[in-house]
Amino acid sequence: MQELLQQKPEIAAIFADLHPPFQAQAAVIEADRCLNCFDAPCTGACPTHIDVPRFIKKIASGNLHGAALGILDANILGASCARACPVEVLCEGACVMHGLNQQPIEIGRLQRFAMDDFHAQGGRLPRKSYENRPEKIACIGAGPASLAAAAELKQRGFQVTIFDKHPLPGGLNTYGIAEYKLPLLDSLREIELIKELGVDFRFGVEIGTKTSLAKLEAEFDIIFIGVGLGAMHKLAVTGDQQPRVTEALQLIEDYKTGKTTHIEGKVVVVGAGNTAIDAANAAKRLGAKEVSILYRRTRKHISAFDFEYRQALQEGIRFLWLTQLMAIRASSEGITSVECARMEIGSGGLLRPIEDSTFHLECSMVVSAIGQSPMLELLAQCRDVQLQQGRVVVDRATGQTTNPKYFAGGDCVNGGREVVDAVADGKRAGAAIARLLEVAYV
Amino acid sequence: MSNYIVKPDLAVTFAGIKSPNPFWLASAPPTNTGEQIMRAFDAGWGGAVWKTMGAQVTNTSSRYSSINWNGQRMMGFSNIELISDRPLDINLRELAEVKKRYPKQALIASLMVESTREAWHTVVQQAEDAGADGLELNFGCPHGMSERGMGSAVGQVPEYTEMITAWVKEKATTPVIVKLTPNISDIRVIAQAAKRGGADALAAINTINSITGIDLDTFIPQPNVDGRSTHGGYSGPAVKPIALNMVQQVMSDPESMLPISGIGGVATWKDAAEYILLGSGTVQVCTAVMHYGYRIVEDMIDGLQNWMCEKGFQSIEDFRGLSLPKVTEWKDLNLNYKVVAHIDEAKCIGCGLCYTACWDGAHQCIHVDRVSGPIDGPVELHLKPSEIEAASRNTITVTPIPKLDAASVTTPSYATPLARIPRVDETECVGCNLCSLVCPVDDCITMVEVKTHLPSETWEERTAECLTGKSC
Chain B
1 MQELLQQKPE IAAIFADLHP PFQAQAAVIE ADRCLNCFDA PCTGACPTHI
51 DVPRFIKKIA SGNLHGAALG ILDANILGAS CARACPVEVL CEGACVMHGL
101 NQQPIEIGRL QRFAMDDFHA QGGRLPRKSY ENRPEKIACI GAGPASLAAA
151 AELKQRGFQV TIFDKHPLPG GLNTYGIAEY KLPLLDSLRE IELIKELGVD
201 FRFGVEIGTK TSLAKLEAEF DIIFIGVGLG AMHKLAVTGD QQPRVTEALQ
251 LIEDYKTGKT THIEGKVVVV GAGNTAIDAA NAAKRLGAKE VSILYRRTRK
301 HISAFDFEYR QALQEGIRFL WLTQLMAIRA SSEGITSVEC ARMEIGSGGL
351 LRPIEDSTFH LECSMVVSAI GQSPMLELLA QCRDVQLQQG RVVVDRATGQ
401 TTNPKYFAGG DCVNGGREVV DAVADGKRAG AAIARLLEVA YV
Chain A
1 MSNYIVKPDL AVTFAGIKSP NPFWLASAPP TNTGEQIMRA FDAGWGGAVW
51 KTMGAQVTNT SSRYSSINWN GQRMMGFSNI ELISDRPLDI NLRELAEVKK
101 RYPKQALIAS LMVESTREAW HTVVQQAEDA GADGLELNFG CPHGMSERGM
151 GSAVGQVPEY TEMITAWVKE KATTPVIVKL TPNISDIRVI AQAAKRGGAD
201 ALAAINTINS ITGIDLDTFI PQPNVDGRST HGGYSGPAVK PIALNMVQQV
251 MSDPESMLPI SGIGGVATWK DAAEYILLGS GTVQVCTAVM HYGYRIVEDM
301 IDGLQNWMCE KGFQSIEDFR GLSLPKVTEW KDLNLNYKVV AHIDEAKCIG
351 CGLCYTACWD GAHQCIHVDR VSGPIDGPVE LHLKPSEIEA ASRNTITVTP
401 IPKLDAASVT TPSYATPLAR IPRVDETECV GCNLCSLVCP VDDCITMVEV
451 KTHLPSETWE ERTAECLTGK SC
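Taken in sequence, the protein lines are chains B and A. Residue numbers for the first sequence follow full-length UniProt numbering, beginning at 1 and rising by one. Residue numbers for the second sequence follow full-length UniProt numbering, beginning at 1 and rising by one.
Careful, some of the hints might be misleading.
[As the list claims (entries may be wrong)] A few chain B residues that face chain A, going by a derived Cβ cut-off under 8 Å, partial list only:
no. : residue
1   : S303
2   : V420
3   : D421
[Unchecked claim] Covered by chain B, per the in silico footprint, the following chain A stretches (three or more residues, Cβ under 8 Å):
no. : stretch
4   : 351 to 363
5   : 387 to 400
Worth flagging that the hints you see were computed from the coordinates, not collected in a lab. We treat Cβ as the ideally placed atom computed from N, Cα and C, and that holds for glycine.
The following block holds chain A by itself, in its conformation from the complex (with noise of 0.2 Å):
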């Protein structure tokens, strides 16, 4: 820890728009009205995206679904809800009332209408008239409103992106915000298109298409609406890696960068901390506050001052992007460079997993044979997995009785015995990291790199050589 006392300041300047920190609500169910984000805000989030407003909805009942792993609920959620389904009248008039009552919080309002100049320009002015500090365009909504012509709809076609966030911007005097949807083949297309139309700045991503699940009793995908169900938007901590993806696809390109909201399974400030680094200038977060509540924000503040402290960052700016430069193309990788799995057998508590990994998953270079004899080389010389659990099966076992086993029954050890401490063979390990993950125990396989003493090669490198007639 560094010797702060005053915490960083988490203050940030968005696309010009000012929020006390990068938490925002998404525009979702935690920001129906102006009742929760008033308290949201007391919470401390720094900024509020509204839930879409325009044309008003119906919405089904039910309308979410999730799946729960391991013992964890909600790994993933899916909602099949629609825009705000409250007439536009009052949620203007609370934005209003919300931004008088808070004026440091960013309050975005999220927007969304039929594909026409004029109903955009009515919208965008009556937003601006309310009080918003920026507006965000939702051309990602996957479901309901995609069949009418809007939401995805406009989000999968670069020219529609274009048009609208052209249109919008005729009207508009607040930074304009295009939200990208997933639900595409390259990212990147849409967000060069909303670039192209002006927009100041972008938020990635919007749900995911999906189906979580199906009823194996009924054989009704859920949420169930009256015995039928349809595609949802998939959010949470299970779609994190793909919208961090995105956001560093978007990033990296200079036709499509622009200020970027991160969104997608962000629950805590080491969520944060990631979207931040690829790029993010504010982060955005729905499915961890509809588990656990507003409350959320007070340890994602907490956390991501004490990280900024203990690293040195005065600001989000002093670290904002610094992985991009560390993402690169698979063509640009040291093809020279080398890891080996090192198991710490002090650590091992011998349950194999590393073991079954590397053979059913993996490339067989780790084996069970510490006490039968290292026997390095090609798979064939070595016990099968299969053979092995039919040893043990055929061993004869008995519960050990003190009075009838007195020189073999000791007091317990826990220690792994060595037979069971498995052995990776250096030679044929690949460095894949496979057994590492699937480790239990913390710190016990490690990656140790292994110097190869040669030059670094990436494959570009190595087939331009060939091009150029040397070997390969």
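Looking at chain B on its own, in the form it has when it is part of the complex (with noise of 0.2 Å):
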């Protein structure tokens, strides 16, 4: 942690806040403007149903540690989510304001001010019952679903512990985004407060392998399955196998950790979900000459939301339309171009290269972002835990597997959403496994 520390200033100048954080007296007077809505359309659309004007009103009236306490009893990850939530298509794109045609309010910005103020006073998590209890929980993962379920059963007495591969905890929260939306030191912080609940963090330990799933199952009474998305997928063309290829989410990583802290030519990067846009955006500004996303359909089929599309063009990303990538050059030296052909979509939508179209992007550098595939190898492992297109099946209220000693949510689940997602699903099952082992205990 320490030499994270000191790595950060070099890549804080380069990823400053994209919403920078609210003065006090502009906080205010952004609170006041909410309505205070009846059963409000921002609460609906948040996954974890945060109070959305509850909290504003309290910061509106000087009560910062009630706003905090507010925010985070519907969502533990409350400060990250504030940062990295897409709030345009969530609370801010439900505001009523927009009726209105006035701005909506600034929900996420409004939210972080509350978190930070509670991290700055030294909030801690408030527990939901003075007992503890014998039950044991183990969460596979520390990511946000993890993390959520955690703190659900945490605080209400029962013995969690974690598991996660990676030093450090908080999964893609920590790894995985823009650090110009949540800065990884951030991300720890809010974590630190779950550790302090009394959550057991594991670090370094990978299910499935060393250790058995059937060690776990003899040693806790349940067990949630965060384990999120695995690897990206493979490129799968000639040259994919260049040292200077790399996947969009180690990129982001490594730059995140320090591992990275410049980057050198011209950048392609395949794909155009969110993720590539991010990583994109990162090349960048770690100081690439130009950074292209192929993509091989058109603008409206991108998977990114729109606002993140806005912002590549804003930080120079170039986008080529309906291009395919179809092989990575190298000479000695390593990547000198990627080759590509021209898309079209024919009749009933079927993408086909139109022939002859072959060109050469010349770059030193690729970036795959075109998606991750499940962890199926260790799933496959969860005894009696049923699967469907890669996803692990549960009971949507609950969380709860075909196994019913097997909980799950997040990624893994869901195929891939948002931190607040995994946190709505994380929240869901500790208090569905909460309610079980009460059951169970009476």
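These two chains come separately, so use the hints to put the complex back together.
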């Protein structure tokens, strides 16, 4: 942790906050704008159902501590969600101010304001029960889903252990979110509070290899699967074994942890999802002369949010639509170019290359961002846990899998959504596990 | 807009005092010195009431405090300042100078001295010798001076008010205006006393006794004077409704009715128009000037003239007092008049404030049931607010991801979903106005008259019928 702190200034300078924090007076003015809707649409749009008007009116009244606790009550990762959430399609997208042709209330920034204050004041997470219960729950993966489930259970007095193969907790929250949205240290600061609750963290432990699931099952009453998704899909073209072919998530992790501080030359990113854009923006900010995104289809087919696309344009990212990567060309010095073909969308939406449309794009680095595969190997070891298209099948309201001792949530269940979705899954599962164990106990 | 090219004349003659417009500065810090008043006249003010002259005082440091509301500063303002702390002779010398340089503007001397005939005769003589166009008797100062038997100590006792007004009238050759304190149960009693004493005009209201707030760290009320505080005089936008009522009361009572200068929260031409519609001949302004400076009079003049053009009024007298007949006692209101709330679905943004207000603050007749089907009738048949919220909290919501939800992710539309547009149960609606008041959208909730086909009937008429043996 300490060496990360020291590496930070350099990265921090390049990745300054995209949405800077509110000054105190501005926060109150913004909070006063909130209409305090009944059954507020923003709350409904939030996967964790944070009572938005309630915390905003607490900011307006000067009750910042109450505001933060209200947020945390619904969403234990309220601080990182305030910064990482795509609020444009969630709370702020649902704000009734749109109907008045006014800017929506800046809910994300207000939430950050309350949470920043909470951390600055040394706030601690509340317990929901004084009881200490004997039941033990194991959470596999230390990402948002497991953290939410663990906090929910620990707050009620259960014994919770989180296992993760990484040296740091947080999963993609720590390793995978663009630094200008959520700095790595802010993610860790938030998780520190969950540690303080008494949740036991075991790092560097890869479940399913040395530590078997059978062993876990013997030791724990309930197992929560919060493993997220696995490796990114391979580009599967000639030259994809070149050392300067990297995965988008790896690129992001490397600069966030200080391993990469500079990128030279021209960069090609393949794919146009949110991760592709995060990686492209990062490459540009880290010094790449030119960053191009190749996408097989058109602007209207991309899976990135519209605001992410617009951000990329602002950062100077070039988009090559209807362009398919065919091969990566290299010399003894490394990658020299990529070979691409122009595509056309035929009848029925069928995509096909245009004949003789091959062209070369000079570059020295290629980043793949065409999605992650499920952790099939590990999930297969979870006894009687049913999968469907690589996703764990659960009861949505409880997160319970087809094996009643196993619960699951987050990307391994929903196929890869947002932090807030994982938190919501984990929270529901945590509450359901508690109910299950409490009933069994009585 | 009418076709006037020349804007209407705002000149008024108030109890014989001529003024180019009805906008006067009240006796207060903005009229502390001749230099200030001359700048104010240059800015366009029609008159000024000099900060009260009389027995010399020492003021405290600090003196003011205020109430901010929803991001707006100084919705209410309070002061513990006393009358002028400058020597009387200097004030009078400056007054003479101002009058000489600005002969057309109304220059009123506000006076307050100890309660003896001689003291009042002397100060009246001095003020008139200096050239004051009129005298305003400060019987309203709510702090400091009242402890010395002046200000509101006079204005709260009808006998004193009448006596001192009479003393002043024995001597005065210019019109005498008595400024009334609102810190009394019925302002008409004092107004009547002033009239009996011979007052030519009234000014209302002075500031209202107040404590604006307390510092929650030190527990010291505001304003802090070395660890302690005292009640102050409240003014600003917050007090306008109170002042308008008092002006109406005085102007509707033949025993107290006199030319009146309206004071209390006047900040715009609209405020001024309201005071004039309730009979005021001039208005006096202080807090708004302390907030924004003399320059605000430009829009007060311009806005009032434009409104008058629009309404076809050519002078202040054309509309002065027009609203007085429209204020009656409650017992004279028609009990058979009925309005109900109407929500314009096209304008509704779905905030639900009308629903909450109606359930918690009114009569439980707005419902969110357009989708689940209307159920009119008693409140027990409807979902309660907490049930609706609990259902929402139990829904599973996910972030819409284009890749995963291709079918359901569409371009966002900000049209309010029908399920969020409340519905008024008109059979239950009592027409209280609350929903239309809390609605943040202009003209979304309107109160629509429903014909009852019953003849107008007041409470007085109804109870009179009872007394005469008819059914009621």
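Now for the hints, and whether the structure bears them out:
Annotation: interface hint on S303 (chain B) holds; nearest CB of chain A at approximately 4 Å, less than 8 Å. Among the interface hints, the one on V420 (chain B) holds; its C-beta lies about 7 Å from the nearest C-beta in chain A, closer than the 8 Å criterion. Interface restraint check for D421 (chain B): the shortest CB-CB distance to chain A comes to about 5 Å, inside 8 Å, so the restraint holds. Only residues whose beta carbon comes within less than 8 Å of a beta carbon in chain B count, and the stretch 351 to 363 of chain A has 5; three or more means the coverage holds.
Judged by the Cβ-Cβ criterion of 8 Å, the stretch 387 to 400 of chain A is covered by chain B as claimed, because 10 of its residues qualify and three suffice.
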